[in-house]
Amino acid sequence: MRTDPGTLALVSLLLPLASFFVLAIVAPFRRLGRPAAYFSVLCATGAFAAAVMAWLAQGESTIPTLHLWEWLPGQGKSLATVGVLVDPDSTVMLMLVTLVALLVQVYSLGYLHEEPPKGLGRYYTYQSLFAFSMMGLVLSPNLLQLFMCWELVGLCSYLLIGFWYPKPEAARAAVKAFWTTKLGDVGFLIGIVLLWRSAGTFDLTELHAMVQSSTLPLAGLSIITFCIYLGAAGKSAQFPFHVWLPDAMEGPTPVSALIHAATMVTAGVYLLHRTSWLFALTPDVLLIVAWVGAFTALLAAVLACVQDDIKRVLAYSTVSQLGYMMAAIGAGFSAAGFFHLLTHGLFKALLFLGAGAVIHAVGTNDISKMGGLARKMPITAIVFLIGTLSLAGIPFFGGYLSKEEILGAMWAGGLPGPFAVLMLVAFLTAFYMFRVVFLAFYGPSHVAASHGELVMTTPPDEGKIVHDQPGPHSSHLHDPPASMLLPLLTLAALAMFVGIYSTLIGPLLPAEAAEHAAPGWLTPSAVGVAVVGILLAWLTYQRRTINPESLASAFGPIRTAALAKFWVDDAFIFVYERVLLTFARVVGWTDRYIVDGVLNMVSAWTLTAGDDLRTIQTGKAQDYVYGVAVGVLALILWMKLS
Amino acid sequence: MTFDLGMPLLAEVALFALAVLVLIVGLITQGNAHQRIGWLTLIGLVGVLGLTFVATEGASLFSLSFVQDDFALFAKRLFIVATMVSLLGSLTLRHSTFARRSAEYHFAILSSLVGMMVLASARDLVLIFVAFELMSIPLYVLTGFLKRDSTTSEAALKFFLVGTVSSAVIAYGMSFIYGVTGSTALEAIGPALADGSPLMVLGMTMLFAGLSFKIAAFPFHMWAPDAYEAASTPFVAWLAVAPKAAGFVAIIRLYVEGAGSTSLMWMPMVAAIAGMTIVTGNLMAIPQSNIKRLLAYSGIAHIGYMLIGLAAFSSSGVAMMLFYLVAYLFGNMGAFMVVEAVAQSESSDGIDAYKGLAQRSPLLALAMLIFLLSLGGIPFVAGFWAKLYVFWAAIERGLYGLVFLGAVLTVVALYYYLLVARRMYIETSDRTDPIPVPGLLGLAIVICLIGVIGIGVYPGPWVDMALRVASTLF
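Protein chains in written order, with the working numbering: chain D, 473 to 1114; chain W, 222 to 695.
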């Protein structure tokens, strides 16, 4: 089928929206649960098919296709337009989003099988809305539409983290995620408004043209790009905004896979990639991006080493990998960051869904209460291993080439500092991921021991609410049902395909071809540190040649700090309690007694004036005629005098 | 001249034929013919509306004194749509005295509509005056139509008295203009004003005073609340929109098109009237306890906001005023239709009748809330864009003070709109039975809802249309 890629992308975008509206409005259908879920999956399938077709069709057309309709007309030129921008980047990203969204929706059919129908319908309503918002973000031709979708995905993230809202931690985590990202969003909003003030447009294509013809005013551009970066840092969990992402793991695991690993959190990276020509004009901000990215990568990697919750390890690893992508963008090679975004989307979704399968079977997130699962759940173990090897950057696996490219980009960008940090992170990544693999899938089993304790963790009042610990199934540990297995295998196959293809032939997508020559020693050393990391994990947690306790105590202060999450959360709490609340109290007092006082006075006057004016309206016809006469006279006098 | 469907005056003639037909059908049918006549009128109006869409743009008759330009067609469609919405509402009226005289009711409405449509095309002082009278006299009759009690007759009489005085003022003003220019054509006004003749200014000022009565601007607004309170609600919904739109059409013809380059000299006067109208309308709406009187005063305030757009005397100002008219049509008529639904069930126009409406009829309450929010100017309903664009146009002309005043009084307006919302949503009522909404009234409400929300979410095409229409006048 050969159709206009713009139309295809539009179809792809509107299908989840249609699904959302049907599920949101037709309440009886939503409450049926399963049928609603199937309908949502059907729409997601259509969206994915249309996205693939758009990508294929787009390969032939040379000019980016714009579908615009004017939304807010202004004078001369419209203030805001809504549309679909189709180019290689947006279509590839669209495919990733629709693919992961589809797989996660299928996976959730199995994962949430104990959810009551009402909850299931609600879940798929949110999922559809999320898919639409994320796709709208990806396809946005202008910053205003992008911002609106940006806020919408934030809302969906809030709704889905808090999906099990009777659980206090989930509700708290949802609020925390919302506010932390909101903090960055304020910067983003300021940034695009400032940009509009200096450039007069929100449109990406027009902005790009202005940058190319050097007509964009450079004054104050650093502030603008920094503000936009703040938004990206909030969404993509860069230090110090990273605090929300680990807590977001309170949501159902498929949600974590979709939103907090593969798609939404990469929106910041995508935004910076989209506007990389703008950031190229402000090298000082790019330097910040690179250093903060590298620092975030390191911080999160260290934190991941001390976590026992499998989802939290993965969450910190996501933060760490986002740091990687950001660092590449900061080095000026945004394509490398974007390439890593795509491969990371595949294998991180795979890891999360694999972790979900484990949690589903074992009934706990705690890796110290797992062990020996490879024998009981061989397929899950294999796909998890594929994901881990991809993340570690081992040749023939998904993340190999993209990670190499980022390291190469750092070197070529002349940033030896962040480069060294990222090499260290590569080592840590391999170590903490294989720590999980060895503790959870190999070694002695601790599953049975945790059986009794688990029942206690279910709040007694929420009998119907299915938990992220959906009850112990330790007596019959096995691989998950087909609806969960199918997405796992698909993602594993894709990760393997990308890995083998890129190792043997080169980058999969021409747009992400290497823009820089990496030195020859880079590949061996990057793979080398990863292998050392794996070895260390093997010696520590599998062979037990190295005592984990003594290894930990060797890093005494760092370990203590890491266990306290480097006090970043505490710093936020301190700022909130001491600074913000004090300020809020002062403002509150001013508002209550001064602002309200003045307002109350004015409104009292207004009400009296209304009553007084009433006396004009006597109800007598002769007075009405007087009114007309006086009015005519007044007007004539006015015109004569003026 | 060969006959074709696009020729000018055809729609007016067809409308007049429809009015006569309605009268004849009313005479030959026995008993209650209300439904039959109402439907006949509605279907006929659909045909006339169709005619305005095939009309040849730019055609004219009688040496340019009757033109069929973009602006005239826009105004005619607006009048017809308003009439159709109003008729949907009046079809549900069950009043027995009303039913027997249904043919008269529809004949009067159609006659008035013919007047408006001729007015929209008129470019000659005499034709304008005749059209105005053709429009106004049926309105006096219709106001007193219900004959419910003496207050109805009183309101109609007051309306008639003050209306006649203002017509006299208009005629007097026109005589000055004719005396100076020796012509009744609009083209003569601009050059004569440019000459600076004081009698010319006097004539135009008196004319404006008379027209201000038609649009119910301060201090010529006093008839409105009494008339609204007394007359049947579907008619009031129409009275609040269509004749006022017609008044604006005449003002634009005379002071924008006719006055041409001298139009700016009217800016201070129009701005002053706009400001005073906004203040009076909004402040006097606060103490009202009758919803129809409240909407009457709020309508007066809206006229003031439209005058802000006019006061800019620019292409965009006039365009945004026209856009405001469209938004006002849907928001105001919708609110009146809800009032009719509540009044039919509760037999009361008091604001207290809305207590607990959200519990009793959640959808009706939601519709009312949306209309009120649109009238109050909340995004994303039509009224928000209307206010925003009118302010914008005025700012371009440097009318900062007026815009500030308008913006501040928007808050006052929200206060009394939300007083109604408070009754609906916060206060509770002893009664819990839902309010029955007749199907056609529901349809009218839904049409207005679609208008208000459609324009609110996607104002683009409407603004473009208004800009296009207004650009032909400059």
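The reader is advised that the hints may include incorrect statements.
Stated by the list, open to error - Pulled a few chain D residues facing chain W out of the computed Cβ check, cut under 8 Å:
# : residue
1 : L688
2 : G692
3 : L693
4 : I695
5 : L1079
6 : Q1089
7 : G1099
8 : V1104
9 : I1108
If you're looking for bench data, these hints aren't it; they were derived computationally from the structure.
Note that the Cβ used here is the ideal one computed from N, Cα and C, for glycine as well.
>> Run through the hints listed earlier and report the numbers of any the structure violates, in increasing order.
In response: 1, 2, 3 and 4
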